[in-house]
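Asker: So the protein sequences, as listed, match chains A and B. Residues 1 to 112 (our numbering) make up the first sequence, in order. Residues 1001 to 1115 (our numbering) make up the second sequence, in order.
It should be emphasised that the hints constitute simulated quantities derived from the structure, not laboratory data. Worth double-checking, as some hints may not be accurate.
Footprint (simulated), chain B over chain A, 3 or more residues, beta carbon under 8 Å [claimed, not checked]: (1) 43 to 57; (2) 88 to 99; (3) 102 to 112.
Distance condition first, Cα-Cα at most 25 Å in a straight line; then the derived DSS-like pairs of lysine-lysine [said to hold, decoys possible]: (4) A/26 to B/1058; (5) B/1058 to B/1069; (6) B/1049 to A/26; (7) B/1069 to B/1049; (8) B/1058 to B/1068; (9) B/1068 to B/1049.
All values derive from a computational prediction rather than experimental measurement. Yeah, the Cβ is synthetic: ideal placement off N, Cα and C, and Gly gets one too.
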Amino acid sequence: DAGVTQSPTHLIKTRGQQVTLRCSPKSGHDTVSWYQQALGQGPQFIFQYYEEEERQRGNFPDRFSGHQFPNYSSELNVNALLLGDSALYLCASSSDSITEAFFGQGTRLTVV
Amino acid sequence: AQSVTQLGSHVSVSEGALVLLRCNYSSSVPPYLFWYVQYPNQGLQLLLKYTSAATLVKGINGFEAEFKKSETSFHLTKPSAHMSDAAEYFCAVSRRSGGYNKLIFGAGTRLAVHP
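Take the sequences, apply the hints, and build the full model.
Answerer: And the structure:
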């Protein structure tokens, strides 16, 4: 079992650019959640995808959008990047039949 | 609404000493509670979880936590610290139903273990 995999591991972007991060959930999981972890802080919930639709959303602007594919993998897109978007972006997979979420290694995004 | 407060952003212990990391939660509905560990430049690994069974929960690497409803606490303990326990620890809460496994995290506690 490969667990939750995220790509890329590191990324450097310029202010104003757009970025796409990718996540493949753990085998058997159909739900993907995305979290933003700024330096020195706990992860903050961005949104969750289930059955290819956004099911829940945290307090993040519309610049943050996502997608889930039929194979349950997911993408996180961030438009018009700001310096403050620099963070570790974590993907978590789960299903409604289990109580915990499993996290990937994260993508470190640096906006310069 | 749910929230988590972790008391102490940094905790330092000697190798072999007791580890105690504090977590208090606020929840208007019965919660699920979790402790995750994060090593440098890595994702989060689940240490243990409380899901309404036994109030004393045992996890991996010798850690355990006790759910105390009256104190709204879920403190993490380990009898004897090891150098490899040095990491960031996060307490998290979610709803038992209707929450779709959305996690609310505390700010984290960085544990340092010195010889």
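Asker: Could you run down the list of hints and mark each one as holding or not?
Answerer: Results for each hint:
no. : hint             : result
1   : 43 to 57         : holds (count 7)
2   : 88 to 99         : holds (count 6)
3   : 102 to 112       : holds (count 6)
4   : A/26 to B/1058   : holds (24 Å)
5   : B/1058 to B/1069 : holds (17 Å)
6   : B/1049 to A/26   : holds (19 Å)
7   : B/1069 to B/1049 : holds (15 Å)
8   : B/1058 to B/1068 : holds (15 Å)
9   : B/1068 to B/1049 : holds (14 Å)
Hint compliance for this structure: no hint is broken.
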